[in-house]
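J.: So the sequences go chain by chain: A and B.
With the UniProt record's numbering, the residue at position 13 of the first sequence is 13, and numbering never jumps.
With the UniProt record's numbering, the residue at position 262 of the second sequence is 262, and numbering never jumps.
Any copy, or any two copies together, can satisfy a pair, since identical chains are not distinguished.
Lysine-lysine pairs mimicking DSSO-like chemistry, simulated, CA-CA at most 30 Å apart:
hint	residue 1	residue 2
1	K287	K189
2	K276	K21
3	K276	K217
4	K193	K206
5	K189	K295
6	K21	K189
7	K43	K116
8	K189	K206
9	K276	K193
Source of the hints: derived by calculation from the structure; they are not laboratory data.
Number of protein chains: 2
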Amino acid sequence: MNKLLIVGTVAFDAIETPFGKTDKILGGAATFIGLSASFFNVKSAIVSVVGEDFPQEYLDLLSDRDIDISGIEIVKGGKTFFWSGRYHNDLNSRDTLVTELNVLADFQPKVPVEYKDSDVVMLGNLHPMVQISVLDQMTAKPKLVVLDTMNFWMDCALAELHEVMKRVDVITINDEEARQLSGEYSLVKAAAKIHTMGPKYVVIKKGEHGALLFQGKEIFFAPALPLEEVFDPTGAGDTFAGGFSGFIAQSENISFGNMKNAIIYGSNLASFCVEKFGTERMLDLEKEEVYDRLKQFRELTQFDIELE
Amino acid sequence: MNKLLIVGTVAFDAIETPFGKTDKILGGAATFIGLSASFFNVKSAIVSVVGEDFPQEYLDLLSDRDIDISGIEIVKGGKTFFWSGRYHNDLNSRDTLVTELNVLADFQPKVPVEYKDSDVVMLGNLHPMVQISVLDQMTAKPKLVVLDTMNFWMDCALAELHEVMKRVDVITINDEEARQLSGEYSLVKAAAKIHTMGPKYVVIKKGEHGALLFQGKEIFFAPALPLEEVFDPTGAGDTFAGGFSGFIAQSENISFGNMKNAIIYGSNLASFCVEKFGTERMLDLEKEEVYDRLKQFRELTQFDIELE
Chain A
1 MNKLLIVGTV
11 AFDAIETPFG
21 KTDKILGGAA
31 TFIGLSASFF
41 NVKSAIVSVV
51 GEDFPQEYLD
61 LLSDRDIDIS
71 GIEIVKGGKT
81 FFWSGRYHND
91 LNSRDTLVTE
101 LNVLADFQPK
111 VPVEYKDSDV
121 VMLGNLHPMV
131 QISVLDQMTA
141 KPKLVVLDTM
151 NFWMDCALAE
161 LHEVMKRVDV
171 ITINDEEARQ
181 LSGEYSLVKA
191 AAKIHTMGPK
201 YVVIKKGEHG
211 ALLFQGKEIF
221 FAPALPLEEV
231 FDPTGAGDTF
241 AGGFSGFIAQ
251 SENISFGNMK
261 NAIIYGSNLA
271 SFCVEKFGTE
281 RMLDLEKEEV
291 YDRLKQFREL
301 TQFDIELE
Chain B
1 MNKLLIVGTV
11 AFDAIETPFG
21 KTDKILGGAA
31 TFIGLSASFF
41 NVKSAIVSVV
51 GEDFPQEYLD
61 LLSDRDIDIS
71 GIEIVKGGKT
81 FFWSGRYHND
91 LNSRDTLVTE
101 LNVLADFQPK
111 VPVEYKDSDV
121 VMLGNLHPMV
131 QISVLDQMTA
141 KPKLVVLDTM
151 NFWMDCALAE
161 LHEVMKRVDV
171 ITINDEEARQ
181 LSGEYSLVKA
191 AAKIHTMGPK
201 YVVIKKGEHG
211 ALLFQGKEIF
221 FAPALPLEEV
231 FDPTGAGDTF
241 AGGFSGFIAQ
251 SENISFGNMK
261 NAIIYGSNLA
271 SFCVEKFGTE
281 RMLDLEKEEV
291 YDRLKQFREL
301 TQFDIELE
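Let's have the full structure, built from the sequences with the hints guiding it.
T.: Here it is as structure tokens:
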């Protein structure tokens, strides 16, 4: 079985949406990536850090899905990273209410020996220096390195972000971030510029408007599944990245054709994530549901026009 | 050959985009619909009204494409409908600078006898009473009636809009209009409500984010082609409607599967429209280019995942 190494936050989230609010619940990029990737036949491990306040039951939820958690450091007396946000009525934008870095402030990732030769490395959104440190610990060149990042690092760690970008194969960012990073409004032009910064594949996430995959002149588009109700978008981007990297790790095929399938799987899994608060839906999700929804994605996008 | 009847404005537009501005040029919903539909093997006619100031060369551009213009009334001493708008930097929004109804204010549409039994009727954006008047003149029930409308009529002629909606098969509106008309934020819920108002098929246009086709529980999505540069979005929605209705009229097949093809053709033709100012690109467009772009749409959307 191929190995997938995931680095990212394991955290507490408190979320307010028009539909309700939560106390501190399980969150974090690596959590969503790990849960999403666990739907594929891969050996996966999370590298992260939590405080002593982090419940064992949350860690158990991850190990129960065969995710190796030996790389999740528990800092004695430390407090877990906490994020709180409030979504606007359209659920497309949100205000951050609280960000407490806590143990994340001094996070030194330690890749478990067994995962130093992982086939796929999924670098979840974190300081670029932490992402670089993970790559530095690899003893064999991974078949694919996927980078997720955000506008925050473009604002305050741009040089380091450029360093890590030179060392990855795929970058996943949202449309506004692609525009900020490239200085181009057109996403086609933005992707072309981002290619020159390192990543051979550029995935631009547009939330409810789907995701674009670029490799040079080739473009593929995966829609988001139109849903009756989006309940909580938290973690959707990470779930997308988990589906993408989990599928690639399982299939071990990094052709453009297979990347297309990977972003369809990413969109598929993300469409479940938003149906309930936090990780709730991902925790009760069955493989059969994922396959059924794949059929929906087919019906949604496949057509058959005969050319004259 | 099947007959397509088009009703809508034939007008002067003056457009400002970040890339430049035009004087009064050829515009109007029926113009864009007609030019777009002319790529299909259909007999088409436009019902509209212009003033004596409308240049013969503009009318010739339409007849040169085998569009029957006998239903375009020329009002002696009248002035042609004029619209002027300025697009914002992102080209997704615009301000209307001038709207001079002129001869449109008293427009009484007259359907040419030969087109009173048209197979497909495309009701371009106009006062709902004008649209109803066209339907009242039909001597045979059309196989398909397509309605385009806009938020303006929801604000000031809602009852009449509901009347015409009861008599059409397909409605095409944009996402914000669908939300306004239905009172639902979710487009899935909005489409379901709009179904109950009459149209069996609901097409929701999302501009650069593509278009959704709903029939009951069935959903199809056509992306907009990602372009390096959008030059002028004027007429893109009408060009989409022209491609949609022109293809349906040609193929005479109103199954959901064929509707999918129709909205792919609509997106295809619209992707050309935005490449130059006004009708410029549609006037120099070759059929071969449309077929080539169809291949691009395939590559953009088609995937092949084997289910386990």
